[in-house]
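Sequence order for the protein chains is H and E.
Under the UniProt record's numbering, the first residue of the first sequence carries the number 1, and numbering increases by one thereafter.
Under the UniProt record's numbering, the first residue of the second sequence carries the number 1, and numbering increases by one thereafter.
To be clear, the hints were calculated from the coordinates, so they are not data collected in a lab.
All residues carry an ideal CB built from backbone N, CA and C; glycine is no exception.
Treat each hint with caution, since some may be false.
[To be verified] Each pair of labels, with its calculated beta carbon distance range:
# : chain 1 : residue 1 : chain 2 : residue 2 : range
1 : H       : PHE9      : E       : SER97     : 45 to 53 Å
2 : H       : VAL209    : E       : ASP498    : 53 to 61 Å
3 : H       : VAL247    : E       : THR185    : 39 to 47 Å
4 : H       : VAL247    : E       : GLY108    : 55 to 63 Å
[Claimed, not checked] Covered stretches of chain E (in silico footprint by chain H; criterion: 3 or more residues with CB under 8 Å from a CB of chain H, positions within the stretch not fixed):
# : segment
5 : 19-33
6 : 46-55
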Amino acid sequence: MNATWYQRFIRFTNARLWRLTHIDVLLAASLVLLMSGGLVVLYSASGQNMEMVERQVFRLALGFAVCLALAQLPPKYMLRASPLLFVAIAGLLVGVLLFGVGAKGAQRWLEIPGGPRFQPSEIMKIVMPMMIAWYFAHRPLPPSFKQIATVLVIIVIPVLMIAKQPDLGTSLLVAVSGLFVLFLAGLPWIYMLSAGACAPVAGYLLWHVMHDYQRQRVLTFLNPESDPLGSGWNIIQSKTAIGSGGVYGKGWLEGTQAQLNFLPESHTDFIIAVLGEEFGMLGCGVLIFAYLLVIARGLYISATAEDNYARLLAGSLTLTFFVYMFVNIGMVSGILPVVGVPLPLVSYGGTSIITIMATFGILMSIQTHKRAR
Amino acid sequence: MGHKHHIFRNYRQEQSLTQRRVIFSAVFVLILSLILMSRLFYLQVVEHQRYVTKADDNRVMLVTEPPPRGLIYDRHGVVLADNRPIHSLTITPERVSNLPKLKGMLSGILNISEDEWRTFDQRRKEYRRPYQSITLKSQLTDEEWAKVSVDLYKLDGVQVEAQLTRYYPYGEAFAHAIGYVGRITEKDLKRVDNQSYQGAQFIGKTGVEGFYENELFGRPGISKVEVNARGRIMEELERQNPVPGHDLHLYLDARLQQYAYDLLGDYKGSVVALDPNTGGILALVSKPGFDPNLFVRGISSKNYASLRDSKRLPLFNRALRGGYPPASTIKPFMALAGLEYGFSSWNESYYAKGFYQINPNGRRYRDWKREGHGWINLERSIIESVDTYYYQLAHKMGITPIHNFLSQFGFGDRTVLDLNGAGKGLLPSNEWKKAKYKESWYPGDSVNVGIGQGFMVATPIQIATAVTALANRGHYYSPRMVETVEQEPIDFGVAGEDHKIKLKNNKNWERMVNAMRKVVTDSKGTARRLRGTDYSIAGKTGTGQVFSLQEDEEYDAKNLVKRLHDHALFIGFAPSDKPDIVVFSIFENGGSSSKPADLTKQLFDAYLNDDYPKQYDFLKGDQS
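Chain H on its own, in the form it takes in the complex:
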């Protein structure tokens, strides 16, 4: 009987060559699909600036290189390195607070003498779940109360340091990446329910630690029309762009809203508004589908991983990736407050591409280093 195209594809992905290179073909293919779509939108959003597109291609390629390099590293080494990395990056975070380089009123970067600047908080997004997964790797699941408390302390310390920079968005993502491990490790439902019940109290406390501009964002989110020329500007304009795109969109490079200069961040955080205007709901649907392909593969890798460490790490990394995408699209379409999270692998620029591709390198490593069955 002739094999179907799907069976042939699976056979192709299982070929020895791929096994040798440690590339997970399904994941890589979904990523390429996502990135190429993103580049098409970026070309339009940047005002047809080919130079920007080229730089983005370069970054994506660099990200792929990092991904492939990490894929070669067997998970058992990651396991061993986890606590060390965590301590090292936490140390760098202290360094940022002490000698960080400022930009736009925030201290996020460390300058390597003679080298590039980098943002330790960005690396923490990967190292945090590694640390928590390492912690659970040596303990039976589900966790005891004492273990849960320990984990929460491990999470809170770096999160507070990052929040102090101040970088609320990143600190929340780092917290979330740690909490996902806790959840996957079998955090009892009752804890989560009671945490949900405490949310209003937490919200109240959060309101008091927030900076004025952050509060302003929340207020604007609740009622964007209250400040149409100030902080509400982006939301109103992005909703108009998306809404006017309709089902099929106005066509590539044809989005009048996007091509006008009102979205100051049209090629970074608000890039999906451009997609929504020019490619309509179909375009957005394809993009979300591409994301779901990546996430589905990540969750599959997690579910079929060989040990707790790999399972927890892979699951948490994948879910954090999802949070990125959800928060960004949610904020641009006006169901979440504007928190300055880029659309992963699509928004222009940022060190985030490298860290995100690094997480996929870890996923590939977990998948391709499974013992042959």
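Add chain E to chain H, keeping to what the hints say.
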């Protein structure tokens, strides 16, 4: 750790626990994605019409308004670079539905040349921001403006924009000093803040305009305006006014500049006048000049080609970049070098024949006076400009002391503080010749340098700066154009401070000035025609060879084409005991040094005694 756990751990159960959580997450992810999709559905399907209307009818645009550029004044408040309001006809291609039809309609209303249409089409194809208008016809007359306004409602995408444009009232005499602004190119945009220059029409390119771009530019205004579907502005919602650029006050004296330019007559050449007390540039003339107004709104290729290809090189800034042999004007400096290193003294006498030879039977280096000067001393060598004295002095000294001494005066260096593009000239040295020609320095090379010829090349501004050091008896300030920005003096830091030249015997300064005074007062002085002023002048003549004469060949002006005539140079300062002005001038192919000497005297009279011909009164300013 861990050993005791192994007994009790149920790996299979732990695995299925995590897997259940992963499956739960997958369901959660799906639900949240559906929420996103339904949100998009709501915006793009349910509310679609509302947002389409909003997008079409109620566009809010950010419009930037370029700031008025700072003005440039001379030392007496004469405006040398002004802003003038003009009305331009512009088209926003995005708002035009039928361009050929529009072109036809416009041509029926106004007289628009082929060239204007061509330029417009060309700019339309270049990269620009969407919805940025393109100028079709600039500087509409009132009549044209009225004509277009009547029909404007029919002309989609066409508007008459009021703009401030740069205007240089006094044209070509000032072009090389003030510089000019020109249309912004993509290359310019790479070195400035893109955001600020949105909507700006031009940017400083050369001279003061180029160097002080940041101060002159200001900050653009931003307004949020509501425009209708046809792109007409309906209402201004919010506005941030532009901040005008800073005004600059120069050391330049407009009358002196114009006068000097005119005094050059039909000759090509350069005049640099400095205030030795401040280093301020009183005049910076390069002739011929050109009309800087041609560049403001983008020069036409025809005009540019004619300027570029002119044999008289009007675009070349001779004052800053022209490389000339300093000729005999170098002699005071050479003499001081000789004194400093002990190769000459004031008292020694020297018999000046009509030529100098490095060795018997060698090449004869001729003096300008064929029969020689007879017995002379150092002072007379300056007064009479004795070539052979300096041949032998340079020969004895060799190039290294010459190089070391002259470099203190700014030779071989870009001395000017606030103008770009100054040349370095060439102060030769042993090392330089080895690197350049792979040859060592020959005694004959020194001999030539001794009278400011041979390898030595200097720019007018360099020579004027060096003369300032003589005028001030050993110190000088690097020359500078701008005195204040918005009443605030400019701080040039260390570079703007006094340069001090130390001599072993400080009296040599005064004695050298005295010798230069006698160049004018002595009956044999080469500038004796300048006698009879009520202030005292110190000076030195120079005649620069354009080509080298063969040995024993005679210079015969009548038989040489003009471009091979000698350059005529003069340096001078006055009043000589406490100078207020230093002048260097060069008449290219001017023949005898009487022309620059006369020019210098006229400038001194003008500057020190306010003795200008009446015709320059319009450049007087308030003189306060």
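* Asked: Hint numbers the structure violates, sorted upward?
  -> 4
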